[in-house]
Amino acid sequence: MKSLTEQLHAMRGKVVWMASYPKSGNTWFRCFMEALLTGKVDINQINTDGIFSSRALFDGVTDIDSRMLDEEEVKLRLAQVYRSHLQFAQRLEFTKVHDAYSCDRRGEPIFPSDVSHKVIYLVRNPLDVVASFANHNSSTVEQAIRLMNKPNGYLARQKNGLNINNQLPQLMYSWSGHVESWLNQKKIEVILMRYEDTKQDPVGNFHRALTEVGLKVTKKKVREAVALAKFDRLKKMEEEVGFREKNSKVKSFFRSGKSGGYKDELTSEQIKLMTSQHRKVMKRLRYL
Amino acid sequence: MIYQYTVYGLRVACRFKLSDYPQSPTDLPPEVVIRKRKLQRPPEDLPQTVYKPYSVFNADFYFLEVSHIARYLVEGSDRIYLEKLDGATWGDVFTFLFDSVFTIMLIKNERFVFHASAVAFGRQAIMFCAGGGMGKSTLAASLAANRGARIIEDDKCLLQYNRRSSAFQIRNHFPFIELWRPQTGFTKKISGIGKGRLVRKNIAKFRFPIDQHVLSRATRLHKIVLINMNQMEDKIEYEQLTGIQKVQAVKNFSHLDHLVNALGKGRAHFRAISDIVKGVEVHRVSKSRTTKLSKFIKFIEDEIID
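Residue numbers (the working numbering), protein chains in the order written: chain P, 3 to 290; chain W, 264 to 569.
Bound conformation, chain W alone (with noise of 0.2 angstroms):
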């Protein structure tokens, strides 16, 4: 039994089912095949290689390790392969796969998604990035809630550039939206969500599927949003950004954005980065570590939603 999904828009298959990722069935030819296998990390002198403490990688393959949980390969630009740990749940597994693995894999295949969240209003997308933690997935909620928006992403955005309307635009690929136990109530003003449930034991996020909520068609990208932290007590700076700097500070958003180069990917990264701002607002907005969450969402509905 071969189970075929669509990730990111790469067609994947495998002999096992994805947890409860949806099956997308085609007669179309795998373009990325995950396999279980037994692993080892990669011998310690291997030239033009990065070694770190639970990753090994180059321009070929990216091996992770997260411990007690799963060993991860990623061969070429169309191979995983993963090895379950000794006390592990595939739900575990399937967690770090779906997080920094499948983000390698993307890399590797110039698909360079954003570590950000993205909303509609109407025809106009709007995207939020920001780093673990910062808001991402409790504003996309907060802007569906309560000012009619529509959810497309909540942690990572891949843009697609359409040559008809020459634009970049965004549809959601992940169908599911993850929140802390703390913001799941926004869930319930939402139309189209499912019922949420943990995404790990012992770790209090739920994942809802958002499959009846998402919008089918892509969404032109109208604004990006960068969240930074900023030094200030309790102080919420804004800016838009323009020229070269646009490029800097969005670059520095892209999902792992610092394997990049040591994945042999640098410069395709460098021009995908610099036709994506070309025809879109940049703005940056920083926060202070005190700045209160439902503040940060007020002062970015009033600033820059209106």
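Isolated chain P, as found in the complex (with noise of 0.2 angstroms):
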């Protein structure tokens, strides 16, 4: 059998979007990779392929200031310069995304089809995304509940015309339009990962996962790595040194990493406002 670092060479040129919604497992899944390529995790040195709505690889590629483009001048091009970007790689890549599938002004996916390999998209229960999505943005449960319930929800958008932030602004759409603008489209293969079962069988999980992207691993390098990338390991080690990836106004990045935790945090209110709004998507995942 072929390394894994042969494989992904061979695959070299293309991408496979780690996408999700905020809070719902990519960083863990993130840790598992380089855990599998490397032999070790350190969070601060997560060697997976960047994140797409990188500012640096943006101006990178077109050798402008993209801080000095709106956003949809932004999105005109985002397409464009990752198959530029893909044409250098060395590998095939891992790409973390938090955008949902959508389209420029010319009705163009921002994600083109033709350099993409799979999207591997991890979902979790919103009910339990709420809170750490609270914590994670340093709000209140309310504020993150109006920001998943929002149809045009974004990331790391600032208004009226800043553009500061290292990375592009990323449209979610809420959190049903992020899955649902995922699961529907038809252009790139999807690959769906539910966090509450690879809590549970996380070796199962990762390893059908990587078979679907079309790479052969072993299930003991799956078990080791899972055991290099467990939840505990990872939460110890940002107490002992930090987590760059963390806002800096909260105490942790890794919380409680509990499916159904919801039950000690949300109130009945939040619940029935959480659900209603998501019903369908929630029962279309087997949450409800």
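Calculated from the structure, these hints are not laboratory results.
Built from N, CA and C at the ideal position, the CB exists for glycine as well.
One or more of the hints may lead you astray.
With a Cα cut of at most 20 angstroms, we get these calculated SDA-like pairs of lysine to any residue [said to hold, decoys possible]:
| no. | chain 1 | residue 1 | chain 2 | residue 2 |
| --- | --- | --- | --- | --- |
| 1 | P | 232 | P | 206 |
| 2 | W | 315 | P | 116 |
| 3 | W | 315 | P | 117 |
| 4 | P | 218 | P | 12 |
| 5 | P | 4 | P | 210 |
| 6 | W | 464 | P | 159 |
| 7 | W | 498 | P | 47 |
| 8 | W | 486 | W | 430 |
| 9 | W | 555 | P | 160 |
| 10 | W | 299 | W | 354 |
| 11 | P | 120 | P | 183 |
| 12 | P | 161 | W | 445 |
| 13 | P | 237 | W | 498 |
| 14 | W | 347 | P | 67 |
| 15 | P | 238 | W | 498 |
| 16 | P | 152 | P | 133 |
| 17 | W | 301 | W | 346 |
Per the computed footprint, the stretches of chain P lying under chain W, defined by three or more beta-carbons under 8 angstroms from a beta-carbon of chain W, are [stated by the list, open to error]:
| no. | stretch |
| --- | --- |
| 18 | 59-66 |
| 19 | 75-83 |
| 20 | 159-171 |
Need the complex rebuilt from these two chains, each delivered in its own frame; the hints are there to steer you.
Have a look at this one:
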């Protein structure tokens, strides 16, 4: 069997999008990949292939300062930027995405299907996402619910023409809108991973995802990587050395990682508000 | 009617006004001429040429398309052609002309500008090199507003060797400072700053004239401070570099450094950087993504300025 490095090299020029609404297990998956590729995990040195909304990558490919472009002008160039970036990639890339699957004003998808190998869509019960997202944004639960229910919710978007963030603005839609944008599109094949299933059987689910991507990896290797990327280890690492991806206003990025923790954290009113808003998609994903 | 300008020391002439950039009439012939012309992306099969989605270049030319705004062509070391695209304003066209396109022209003339701001404390200048969005302009404005520094440049710095003093010097070439809306308050505390106006529609960055603020003479470069992002959570790291470390580190902060080799100027660039770092202190400071700018500026003031 070819080594993982050889397999990834043979598939170079394409990308696997690791797409998710925030706080749905994307960092866990990236840590798992890091463990699988390098045999170790340092949460501050996760060497998967960046984030789709990277301003540095955009500027490097376009030779211009994207801070001088408005949001729509950026969107018009995103697909081309990734096509160009992937021409020089040395392996199949795994790139984190929080954007919804959307189109620019010409109706062209911002994710170029010709260089997209697959999308691993990571989803988590929105009721568990709420409290975690509130912590992540240093906001109240009510504010997190409002953002998750907002049809045109954004991440890293600054108001009134400010473009200071080192990430480009990311249109996410609502939580349901995000899920449906990825699961309903027909251009890129989707591998769906429910956080709750992965929590229950990490080895089986990570192995399945890799197999569906087209990579051959033994279960033993997956088991070793899962052990290195265990939630408790990541949390301990954050306590010891900090985590650069954490919002400076909050105590920790890795909180409880539990499934069903919402029962202790949300009021019945809040649960009702979320489930009424997202019933259709929650049912589709077996959360109701 | 011919309009004449001096852009980073190059005499530039064109038949149209370059927005609010100040003119500088001279009897000397121009070193660079800018003309309007219809432009097309160069053919796809040229030898030893780099093809990117929006730019094409080799040792002879550099073509850039900023879609829906303009096309630019730098030919040789003395010609720039530009074409405004439908829907764009001339202000939009000049925004990118003064950024990437002029940097390319300067590289072609072996003038390597740093992506940096600079301030003078008395007769000594400090240059702060950093990528976009790291707070170069804010740092310069803050030091001018709160510590009595004189702003020299806020985004790109050209260093020039002075034979008499055997040292590199820096002076103002771009007579504006550009600040994002939340930072514009600094300008009220700095003498000689003019009224600001938006750089582009929908972009909350303001351009303030500083020609009444800056010194007309050049100032000797004393320190280079390289600002990086580290991988830590809210931690500032600091070190002073020595020897070959200085060359390697400073080189990366030339504006559009990644294009220099393909433009045929790799050797000249390396030589220029090696000469510059010989006589100056080079400090490297890194901050994390989560470090507040105010905390970082305080660190610079306490550890590097004092």
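Hint by hint, here is what the structure shows:
no.: 1; hint: P:232 <-> P:206; in the structure: holds (15 angstroms)
no.: 2; hint: W:315 <-> P:116; in the structure: holds (17 angstroms)
no.: 3; hint: W:315 <-> P:117; in the structure: holds (16 angstroms)
no.: 4; hint: P:218 <-> P:12; in the structure: holds (13 angstroms)
no.: 5; hint: P:4 <-> P:210; in the structure: holds (18 angstroms)
no.: 6; hint: W:464 <-> P:159; in the structure: holds (17 angstroms)
no.: 7; hint: W:498 <-> P:47; in the structure: holds (16 angstroms)
no.: 8; hint: W:486 <-> W:430; in the structure: holds (12 angstroms)
no.: 9; hint: W:555 <-> P:160; in the structure: holds (17 angstroms)
no.: 10; hint: W:299 <-> W:354; in the structure: holds (15 angstroms)
no.: 11; hint: P:120 <-> P:183; in the structure: holds (15 angstroms)
no.: 12; hint: P:161 <-> W:445; in the structure: holds (12 angstroms)
no.: 13; hint: P:237 <-> W:498; in the structure: holds (19 angstroms)
no.: 14; hint: W:347 <-> P:67; in the structure: holds (18 angstroms)
no.: 15; hint: P:238 <-> W:498; in the structure: holds (19 angstroms)
no.: 16; hint: P:152 <-> P:133; in the structure: holds (16 angstroms)
no.: 17; hint: W:301 <-> W:346; in the structure: holds (6 angstroms)
no.: 18; hint: 59-66; in the structure: holds (count 6)
no.: 19; hint: 75-83; in the structure: holds (count 5)
no.: 20; hint: 159-171; in the structure: holds (count 7)
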